[in-house]
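A.B. asks: Below, each chain spelled out in residue letters.
There are 2 protein chains.
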Amino acid sequence: METKKVTFNPDKAEVWVSSGENLLRAAMQAGVHINASCGGEGVCGKCRVIVDQGVVESEQTDKISPADFELGVRQACKTIIKSDLEVTIPLESQMDRKVLAKERPRSGTWQVVTEIKLEDLIVDGKFHPPVEKKYLEITPPTITDNLSDLTRVIRSLKQTHQIGNISVDFYAVRKMASALRDKDWKVTVTLANSRKKGGKVQLINIEPGDTTRRNLALAVDIGTTTVWGQLLDLNNGEILAQSVEYNAQIGYGEDVISRIAYAQKGNGLKKMKDLVVSTINGIIKQLLKQHKVPVETITQMTVAGNTTMTHLFLEIEPRYIREAPYTPPMNYVPLIRAKELGLELADHVQVYLFPSIASYVGGDVIAGVMGSGMSRQDKLTLYIDLGTNGEIVVGNSEWMTCAACSAGPAFEGGGIKHGMRATRGAIEDFSINPTTYEPMILTVGMVKPLGICGSGLINIVAGLLEACVLDQNGKFKPGLKTNRIREGEDGWEYVLAWADNTQIERDIVITEVDIDNLIRAKGAMYAGYVTLLAEVGLTMEDLEQVIIAGGFGNYMNIEKAITIGLLPDFPIQKIKFIGNGALLGARLICFSNVLRTEVKRIFTKITNIELSENINFMNNYIAALFLPHTDNKLFPRVFERISCREKSLGEAVKE
Amino acid sequence: METKKVTFNPDKAEVWVSSGENLLRAAMQAGVHINASCGGEGVCGKCRVIVDQGVVESEQTDKISPADFELGVRQACKTIIKSDLEVTIPLESQMDRKVLAKERPRSGTWQVVTEIKLEDLIVDGKFHPPVEKKYLEITPPTITDNLSDLTRVIRSLKQTHQIGNISVDFYAVRKMASALRDKDWKVTVTLANSRKKGGKVQLINIEPGDTTRRNLALAVDIGTTTVWGQLLDLNNGEILAQSVEYNAQIGYGEDVISRIAYAQKGNGLKKMKDLVVSTINGIIKQLLKQHKVPVETITQMTVAGNTTMTHLFLEIEPRYIREAPYTPPMNYVPLIRAKELGLELADHVQVYLFPSIASYVGGDVIAGVMGSGMSRQDKLTLYIDLGTNGEIVVGNSEWMTCAACSAGPAFEGGGIKHGMRATRGAIEDFSINPTTYEPMILTVGMVKPLGICGSGLINIVAGLLEACVLDQNGKFKPGLKTNRIREGEDGWEYVLAWADNTQIERDIVITEVDIDNLIRAKGAMYAGYVTLLAEVGLTMEDLEQVIIAGGFGNYMNIEKAITIGLLPDFPIQKIKFIGNGALLGARLICFSNVLRTEVKRIFTKITNIELSENINFMNNYIAALFLPHTDNKLFPRVFERISCREKSLGEAVKE
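As given, the protein sequences belong to chains A and B, one line each in that order.
Quick note on numbering that gives the first Met the number 0: the first sequence kicks off at 0 and runs consecutively.
Quick note on numbering that gives the first Met the number 0: the second sequence kicks off at 0 and runs consecutively.
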């Protein structure tokens, strides 16, 4: 795709974006504030800009008079960039130049980066899905050649595809006679483990005719808060559909400890299992509906989840996970027939589960470490999985140490007044005019806001902090002249969107309680990095790379995560955001058997350290309960920006 | 056990039997006729004998006066042999010496012979059941050694028993946490394939404490007519219990063709499967009740059945078995979880099925060939499986050819007026006084007769033929002076037991229709041997051994089977009866993994020949519809005995 340059006047802020990008998003990316309070749906009419030069696609709306339209006035949120542009921000959106920071915040790495590209797997000759389909044209039997149907199929596999040493699933045998005769002895067989060294190839399904082009996989990440699913095309690696739902277990406790407690009561374990299976069944239905294919096209399923989620999904007693000495019943799980777990998939589908490392570091982390490529690099890397259960891994291809630190559900929108997951309508990006305190908000799908997702929460708190609306304790500064800051039922709050610009017909706010939850969540994570590094005799300075995973949808503004102290103040080019690492790993492993071996290697390399009873961890945690940190020296650039802004404000006030 | 000699006077017939044998059975074995019409229950009082010398156990009954008892009179059926004996047969039982054959029938091989003895397997170091139990004492976890439960189990297996490369069934994982903690980290694990070269060892179950002594297997033979089950102790090879039921499918057709036809209609296939599964579930219940153990003690199951029975059991479409070119859907079947088939066994039990050779030669035959040892011997052998579906194999350890010839259900008591399977109350042996035509009958369990089983039917027809009561067409000779031969509702019949001596309170008879059914059954078998041998360029003379299998209970009188022409007139020491060959194979394979490899070897060696459309087979069949055969030269000794008897009778009549 072509890259276009957009210059925003009067600040001359420049940004390079893809042709076809939305102009309001481009402004956000350039660090240019434009008032916009409807999330990008076009109903508030506040994001008026003047396109001075260049080509855009933008219709005249009722928010712009014909005369203004003639002059180049456009609604930024309704404008598509088609060439290099010069754009002027109107006065009402412009920030007082005096309060602008001298150092502009660097542009964050927004888009997900995935280390393993499918193309690379193909080039290496490693693109061999663990489940393959093979088309066969079989010689019909005669009275002199009346070998059994199954023998004919096996003979043909050997002759046509040089595949031998086959074992056959008996559900496939049941379908064989009619499948062979339905389309004149032309069939497609589904093979599991067809390229695995040593082991047997399993023939798990047979269909009449040539169905090789319909070979889909299902990748699922079972999170404590949310469950993600992707429908994948095993022929070309494409993601055909994606869906996300809250884990239905959430009604029985927000964290793993309360889920385990519930599972210990009466029929609780079965209930927990049924709830998550029903969540996944719902996701399967959505995915199939989105892509309009029948369930039989799915031939394999992979699941990544933390240790507790994995145990509950399999209906395995999890109580010893939470009782000292914290031994989970199992790490590795064998392949399981999906329907034995109650999943609404075809008879022959087997479920691959990532192994759990320890009671609080699960298969989701292994999936992310594998998916991110960390385990195949020499660079000393800090891998961070942000979620209700925060997990950290430090190491490289040679060694790895991991730890868990329970962050709570804030990063997934949990425990936040208007929190929601990163789906359509979630406020995901934010900017504030430090003079007028008017917001610029962007939502997922550019529609009227419905709530705030994890990445939105980080960006809002960072924005409020840098605009000196919040102090470093996370409290609103008193006496600011705006009706957006007010005392609500939960204490002080900032109104992100007025009721008439929302989908919920109530004001959407962020409260001091929400901010406090976020500070505790990021404090636990930061304390985790510092403590884990210290345990292996390292410090932040030794790191060569930071990889961040988390279910924030597709975007995360790394710079703003540094601003609140969630990430270390680290050269941005060394930080990589991979999105949902568990889902990434679950997806990639559908395509290559070689990666199953890599997972085993990671599992044997990695050692776990318990932080829960570590005194240093508690000290580090308390020190991190501040924005960005009690020790400003750890965040020199953030601190400089805040000081500078405060100074500018002070000067502006004096004038 | 000690062997004792019994001499029956006045004929001086001698027989060697085990101490503790019943005296009436000993007489039958010696070829000595004693009138006895209540099957051995003691109620008819006809089997009075005089014990002249030796020690017996025998109570005085109301059939014997104190004075007679004092003189040595005993009821033979109530007398146990304790030493060498001299016994006199009273006048009423004695046969006219003039009608005695000059050549006494040789004593048949009665007791089942099994070629593979478990002891031999142990000596060879081959006594490794595919499913083993291992006891483990596991180190409990601590905060510094908090590996998962599963890892601890695997580590302990390696350390204690040097068993590695383990995969784990997830049902076992589900039970692991509580099993480990129930008896203080002492557990017993159940392992499948623990000695198989190459493949993975599967950990399929875990139980608290030491349960290694409770490791049972279930061997099942699914016959078209009857289903046999045995409960086996894997620790010592003992048969703990045995049970048999008619296959519940029998209500939907007596032969495989009618079953297949039914399975093709609507829900018929599922119905057929459910019926046989419910039959097996009934047998499982009986076996557990007999031996008084819970179902969890059974750790593996093996099944032998013909091709159609195997397909119906697995709910696999059987229609192409009966449609030219007669290709069964499958030969080999993978291991299947028993509960997936609806069997009422523990979660972890897997079912091993013998592979089918062709549409009409199934896994029951492979089981018998393996179990009899034929496949490991150099001798040219004819293996005969007598049953509703008769199967024949000719060959040795180097090569084997097989064929099927549908005999019909007569050998299993089917299609016979008073036919029944070889269970308690079935008439299994028979002798007739050729002068008075009074019978001597023995039943299974020595109780009042209930009906006639397959071996009884053969012995009755042979006895009637040799006594010249039947002619060689199987018709009763006219004008014999006895009320036991009469015209019944189905034509001419012989009364084996009068109503008051039976359990059914009706006369138990054998009719000419029954005899005709038997002649057709044995004719099909005999035609099969001749035709199959001719196909491979051999004749009866080339054979070095004949092995006979069949569900006749534990006894078969080979001499009498020769008499009716069911078996070739062959030196008796070269004939071996192994009882239910399918059940024998299903039992033996529970004890040794090596035998699974042997089964594979047999499967690849054996070739199948279709007799159904073979013109020679039809000619041979018609020639065999005679007692023993239209060509008397094929049965010289039988013919000599009959001629001799006829001559004696003629002389007796003249006198």
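These are computed hints drawn from the structure, not numbers from a lab.
Note that beta-carbon positions come from the ideal geometry of N, C-alpha and C, so glycine has one too.
Hints may contain errors.
Residues from chain A shown here face chain B by an in silico Cβ test under 8 Å; the list is partial [as the list claims (entries may be wrong)]:
{"#": "1", "residue": "W15"}
{"#": "2", "residue": "I162"}
{"#": "3", "residue": "S166"}
{"#": "4", "residue": "V172"}
{"#": "5", "residue": "Y261"}
{"#": "6", "residue": "G265"}
{"#": "7", "residue": "E314"}
{"#": "8", "residue": "Y319"}
{"#": "9", "residue": "M329"}
{"#": "10", "residue": "N330"}
{"#": "11", "residue": "L537"}
Keeping only pairs whose Cα atoms sit at most 25 Å apart, straight-line, the calculated DSS-like set for lysine-lysine is [stated by the list, open to error]:
{"#": "12", "chain 1": "A", "residue 1": "K338", "chain 2": "B", "residue 2": "K174"}
{"#": "13", "chain 1": "A", "residue 1": "K174", "chain 2": "B", "residue 2": "K157"}
{"#": "14", "chain 1": "A", "residue 1": "K174", "chain 2": "B", "residue 2": "K174"}
{"#": "15", "chain 1": "A", "residue 1": "K264", "chain 2": "B", "residue 2": "K272"}
{"#": "16", "chain 1": "A", "residue 1": "K174", "chain 2": "B", "residue 2": "K264"}
{"#": "17", "chain 1": "B", "residue 1": "K3", "chain 2": "B", "residue 2": "K81"}
{"#": "18", "chain 1": "A", "residue 1": "K199", "chain 2": "B", "residue 2": "K599"}
{"#": "19", "chain 1": "A", "residue 1": "K199", "chain 2": "B", "residue 2": "K157"}
{"#": "20", "chain 1": "A", "residue 1": "K338", "chain 2": "B", "residue 2": "K284"}
{"#": "21", "chain 1": "A", "residue 1": "K199", "chain 2": "B", "residue 2": "K604"}
{"#": "22", "chain 1": "A", "residue 1": "K182", "chain 2": "B", "residue 2": "K264"}
{"#": "23", "chain 1": "A", "residue 1": "K599", "chain 2": "B", "residue 2": "K157"}
Just the calculated beta-carbon pair ranges, DEER-fashion [unchecked claim]:
{"#": "24", "chain 1": "A", "residue 1": "S166", "chain 2": "B", "residue 2": "I256", "range": "29 to 37 Å"}
{"#": "25", "chain 1": "A", "residue 1": "S166", "chain 2": "B", "residue 2": "G536", "range": "32 to 40 Å"}
{"#": "26", "chain 1": "A", "residue 1": "Q289", "chain 2": "B", "residue 2": "K269", "range": "28 to 36 Å"}
{"#": "27", "chain 1": "B", "residue 1": "S257", "chain 2": "A", "residue 2": "E136", "range": "50 to 58 Å"}
A.B. asks: Of all the hints numbered above, which does this structure not satisfy? Sort the numbers upward.
C.D. replies: Hints 1, 2, 5, 6, 11, 13, 14, 15, 20, 27 are the ones this structure does not satisfy, whereas the remaining hints hold.
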